[in-house]
Amino acid sequence: MNALLLIVTIAGQRVALPAASVESVVELEALIPVPRAAEHIAGLSALRSRVLTVIDCNKALELPATAQPGGIREAAVVELDGHHYALIVDGVEDVVEALSEPAPVRAAMGPGWERASQGMVETEEGALLLIDVATLIAGPEASRAAA
Amino acid sequence: MDDLIADFVAECRDMLESLGGEIVAWEAQPDDRARLDSIFRFVHTVKGNCGFFEFPRLESLSHAAEDALADVRAGRRQADPALVSAVLAVIDRIGEMVEVIASGEKLPEGHDGDLIDALQPGAEAAVPAAAAVVGEAAARSVAPRTIRLSVELLDRVMSGVSDMVLARNELARRLRDSSVEVEVDSAFERLSGIIAEMRDAITRTRMQRIENLFVGLPRMVRDLTGELGKQVLVDIDGGDVELDREMIEMIRDPLTHIVRNAVDHGIEKPADRLKAGKREIGLLTVSARQSGNQILIDIVDDGRGIDGKKLVEKAVAAGIIDAAEGGKLSAKERLALIFEAGLSTAREVTSISGRGVGMDVVRSNVERIGGVVEVDSRPGQGTRMTLRVPLTLTIIPALTVSIGSQHFAIPRSAIEEIVRANGESVTLSQVGGAGVATIRGRRVPEIALADVLGLPSALSDEERTLIVLKPAGGDVYALAVDKVHDHEELVVKPAAPAIMATGLYAGTTLADDGSPILLFDAAGLARVGGVRIEAQERTPRGAEKSASAGAAEVPVLLFRDVHGARRAIRLGVVDRIEEVPAEAIQPGAGQLRVQLGEVILPVAGLDRPPEGGGKVRLFRLNDGRSEVALAFREVIDMASLAQEIIPAGVAGPVEGVTLVNGEPAELVDAHWLFASLGAGTASARTPLCRLPADDAWMQNMLRPIVEAAGYRVVGGDGDEQADLVIVAEGAEPPAGAAARTIWLSASPDAANENSIYRYDRAGLMQALKGAAQGGGK
Chain X
1 MNALLLIVTI AGQRVALPAA SVESVVELEA LIPVPRAAEH IAGLSALRSR
51 VLTVIDCNKA LELPATAQPG GIREAAVVEL DGHHYALIVD GVEDVVEALS
101 EPAPVRAAMG PGWERASQGM VETEEGALLL IDVATLIAGP EASRAAA
Chain A
148 MDDLIADFVA ECRDMLESLG GEIVAWEAQP DDRARLDSIF RFVHTVKGNC
198 GFFEFPRLES LSHAAEDALA DVRAGRRQAD PALVSAVLAV IDRIGEMVEV
248 IASGEKLPEG HDGDLIDALQ PGAEAAVPAA AAVVGEAAAR SVAPRTIRLS
298 VELLDRVMSG VSDMVLARNE LARRLRDSSV EVEVDSAFER LSGIIAEMRD
348 AITRTRMQRI ENLFVGLPRM VRDLTGELGK QVLVDIDGGD VELDREMIEM
398 IRDPLTHIVR NAVDHGIEKP ADRLKAGKRE IGLLTVSARQ SGNQILIDIV
448 DDGRGIDGKK LVEKAVAAGI IDAAEGGKLS AKERLALIFE AGLSTAREVT
498 SISGRGVGMD VVRSNVERIG GVVEVDSRPG QGTRMTLRVP LTLTIIPALT
548 VSIGSQHFAI PRSAIEEIVR ANGESVTLSQ VGGAGVATIR GRRVPEIALA
598 DVLGLPSALS DEERTLIVLK PAGGDVYALA VDKVHDHEEL VVKPAAPAIM
648 ATGLYAGTTL ADDGSPILLF DAAGLARVGG VRIEAQERTP RGAEKSASAG
698 AAEVPVLLFR DVHGARRAIR LGVVDRIEEV PAEAIQPGAG QLRVQLGEVI
748 LPVAGLDRPP EGGGKVRLFR LNDGRSEVAL AFREVIDMAS LAQEIIPAGV
798 AGPVEGVTLV NGEPAELVDA HWLFASLGAG TASARTPLCR LPADDAWMQN
848 MLRPIVEAAG YRVVGGDGDE QADLVIVAEG AEPPAGAAAR TIWLSASPDA
898 ANENSIYRYD RAGLMQALKG AAQGGGK
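Line order of the protein sequences matches chains X and A.
Counted from 1, the first sequence has number 67 at position 67 by my numbering; the numbering is strictly sequential.
Numbers given in my numbering equal positions in the second sequence, counted from 1, plus 147.
Where hints are given, some of them may not hold.
Claimed, not checked - Coverage of chain A stretches by chain X, computed from C-beta distances (three or more under 8 Å per stretch; other residues unrestricted):
hint, region
1, 591-604
2, 643-656
To be verified - In silico negatives: residues of chain A with every beta carbon more than 10 Å from chain X:
hint, residue
3, Gly505
4, Ser607
5, Val675
6, Pro728
Said to hold, decoys possible - Some but not every residue of chain A turned toward chain X, in silico, with C-beta under 10 Å:
hint, residue
7, His191
8, Thr192
9, Lys194
10, Phe200
11, Ser309
12, Asp310
13, Leu313
14, Leu546
15, Ile550
16, His554
17, Gly661
18, Ser662
19, Pro663
20, Leu665
I should point out that these hints are in silico values taken from the structure, not numbers from a laboratory.
By construction, the Cβ of each residue, glycine as well, lies at the ideal position given by its N, Cα and C atoms.
Sequences are here, hints too, so could you generate the full structure?
Structure follows, in structure tokens:
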């Protein structure tokens with residue numbers, strides 16, 4: 001499988017998102033908070049007359065927040081079930097080709113990572129953890145409820 | 148009916164147009180099956196529609212062509228050139244007739260025997276060309292200019308227009324910040340107006356009344372019942388609900404299927420219905436309504452209902468569930484089994500609904516568009532199917548409010564009224580930690596939006612604005628917000644599931660400046676805010692009673708007149724507020740008059756016609772018989788008259804001065820206005836010092852005068868001995884006793900020594916004085 005992967009940094013770690021599911025990478029401007037929504041919902045933002053639901057990846061993975069330098073927030077825009085989401089990441093690096101099928105990770109990861117992991121994928125940049133976008137969006141609470 | 152005919156004409160034109168090429172090709176190759184089929188379909192469609200519309204001439208013609216073509220299709224006959232040209236002649240004539248129908252004229256009488264004969268096998272090839280079928284009308288008729296567009300293209304245009312609006316707003320901000328010439332401003336204004344108009348138009352292109360979906364149902368049911376020997380009455384409601392065009396197409400099939408099912412399986416034969424103690428005629432109700440962010444379509448029949456037990460047995464037999472599982476299902480879950488694939492409850496498959504399309508397909512079709520199908524049924528009493536579909540792209544009129552710096556929208560439909568928390572008629576109190584607002588005697592639960600959302604807000608409860616909300620199916624409650632902004636028509640889109648999970652929101656939308664806004668669900672707010680509906684059903688009645696028992700406060704409208712003076716007018720005489728262009732106010736017959744649509748009213752409150760264009764706002768005052776307009780600058784608030792009125796020295800437009808909301812305000816003398824502006828005809832009602840309490844004219848206009856003359860005013864009935872009764876001429880004197888009666892006449896002509904014209908102020912004052920002095924005689 002020669003799927004393309006987008007390398008992003010979440011909580012200081014380089015991980016891979018399936019590039020096919022990422023529509024674009026944007027810099028988020030103003031965020032409109034959504035009161036009473038789950039914690040990992042950072043708010044709403046607008047992209048060319050579309051509403052984006054912004055996901056705080058750190059919170060979705062139950063990790064402590066990373067300091068945002070300068071307040072510029074990069075985000076990967078994905079579509080799931082007809083809704084558009086922006087996943088806030090620390091940084092976006094590159095698109096690489098996957099050199100292997102995802103293989104299970106046997107090392108003990110944090111519970112958040114464990115949930116969102118689809119396995120390790122070999123790339124030219126080394127082995128990367130492949131992240132499941134839908135799990136990120138669902139957030140910790142939904143996953144706990146489903147468990 | 149006209150709509151249906153227009154549809155029919157449009158469809159025929161479409162088919163004729165696309166058929167044009169086919170006909171030529173068929174002529175060249177009469178054995179081309181595909182061409183033959185499409186021509187056959189055309190005449191078949193025309194025939195079918197004609198039966199419905201009663202165009203017998205068109206019907207017989209298309210019928211003959213259909214027969215001939217059917218023979219060819221069945222291989223009973225060869226398509227020879229004679230037949231081809233005969234068919235072509237028929238199609239041409241159908242085209243001409245359709246144009247006549249389109250022009251709205253009646254089809255002329257005539258015979259198409261020549262064409263029909265030509266279709267017969269062995270007929271002469273010669274077909275009379277254009278046998279004066281149709282008058283001149285066909286040539287003159289102008290086709291309605293329509294084209295078909297793909298929805299994608301519309302979407303592209305729409306998002307383009309949305310972006311344009313955002314760009315305009317950006318430009319507007321820049322223009323405000325920099326000083327530009329007036330010409331630039333006015334050019335921008337124009338551009339801005341055009342863009343707004345365009346956005347409106349493009350949004351509406353996607354919207355359609357759901358009527359379009361419902362209009363075919365009665366016909367379908369009629370045909371079905373004819374086939375099945377049943378009688379069904381179709382009741383359709385809510386056709387004016389607007390829904391996205393695409394959405395309407397998506398629910399057409401599921402709806403059709405459910406209606407078919409209801410008629411076929413639900414409603415019993417007349418004899419069975421009589422046996423079951425029901426009316427012979429079954430009732431099928433199809434209704435649509437908007438609820439929050441969804442459109443609900445109910446299909447209700449009063450038929451035999453669904454037997455949950457049988458469903459379970461079938462599902463077990465079909466291997467969908469096992470017996471142990473089946474025993475555990477709740478009533479609702481049992482009914483939901485009808486949506487499982489491979490389950491048909493009808494004992495025999497009929498030609499109507501047994502077509503391989505089951506409820507499972509209905510469900511998956513509805514779910515594909517983000518909708519839900521629900522079923523509820525009582526054996527013997529009927530079935531209710533509910534389609535819930537999201538209202539993507541449905542436009543909602545909404546009010547924008549804010550907490551702190553964040554804006555939200557509230558659907559206009561849920562809002563009953565907006566009042567200020569510190570207004571005279573509003574009191575806020577805390578009962579066991581819960582907020583209660585008493586608004587004009589009505590007690591409603593109050594919640595602060597800031598608390599519900601957990602947002603910081605610098606305002607205290609008293610500084611906020613209360614929005615009285617009435618969620619669909621619930622009781623009213625008041626929502627305190629920091630600030631109320633604007634009415635806007637918003638294009639609402641469903642929010643992501645994680646946001647909907649809060650239960651607070653109905654969707655998201657973009658504000659004019661491009662920032663996202665959350666739209667509230669009024670019922671959800673109440674739920675999250677902890678407002679109980681059953682708890683307060685009893686309270687409002689008690690509160691109202693205590694209010695009416697208290698001092699009768701006179702509601703007044705506080706406003707600024709055109710000169711900026713703070714004035715008040717009794718609310719009872721204000722009919723409504725109008726805004727007119729300044730040109731509509733002109734002097735005429737000795738005073739200023741305003742034209743309001745068809746009527747011309749005298750105008751008070753202005754010395755001369757307004758200058759320099761612009762708009763003028765007017766109160767439209769009504770004494771029950773005639774009307775007077777009163778110009779003003781702005782409305783300040785609603786208030787009630789509690790303080791004493793200090794009467795004016797001379798009669799004039801101002802009756803006196805009083806304190807309203809702690810500041811002095813001049814009270815407008817409506818009686819003087821009507822009297823001085825000669826609002827000719829007057830009403831025939833019953834004033835009194837015993838003044839009848841139910842007479843608005845008396846209470847609003849006469850009462851102040853009578854009171855000013857030193858009377859205490861009581862209601863029309865009672866045991867107290869009154870000095871004076873004022874009665875309108877021709878009315879029954881009230882039951883309460885009185886020493887003296889003044890009769891008021893409705894028109895100046897009818898006044899005589901026994902009665903006074905009701906706007907004859909001097910006469911009235913004299914009579915009042917006389918009665919006061921001679922009281923008891």
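Outcome of the hint check:
1. 591-604: As far as the region 591-604 of chain A goes, the hint holds, because 4 residues have Cβ atoms under 8 Å from chain X.
2. 643-656: Our answer is that it holds, as 10 residues pass the Cβ test (under 8 Å) against chain X, meeting three.
3. Gly505: For glycine 505(A), whose nearest Cβ neighbour in chain X is about 25 Å away, the distance exceeds 10 Å, so it holds.
4. Ser607: 20 Å, holds
5. Val675: 7 Å, violated
6. Pro728: 35 Å, holds
7. His191: It is violated, given that the least Cβ distance between histidine 191(A) and chain X is near 39 Å, above 10 Å.
8. Thr192: 36 Å, violated
9. Lys194: 42 Å, violated
10. Phe200: It is violated, given that the least Cβ distance between phenylalanine 200(A) and chain X is near 41 Å, above 10 Å.
11. Ser309: This hint holds: serine 309(A) lies near chain X, its Cβ roughly 4 Å from the closest one there, short of 10 Å.
12. Asp310: 6 Å, holds
13. Leu313: 7 Å, holds
14. Leu546: 18 Å, violated
15. Ile550: 8 Å, holds
16. His554: 8 Å, holds
17. Gly661: 5 Å, holds
18. Ser662: Given a least distance of 6 Å, the restraint on serine 662(A) holds.
19. Pro663: 4 Å, holds
20. Leu665: 6 Å, holds
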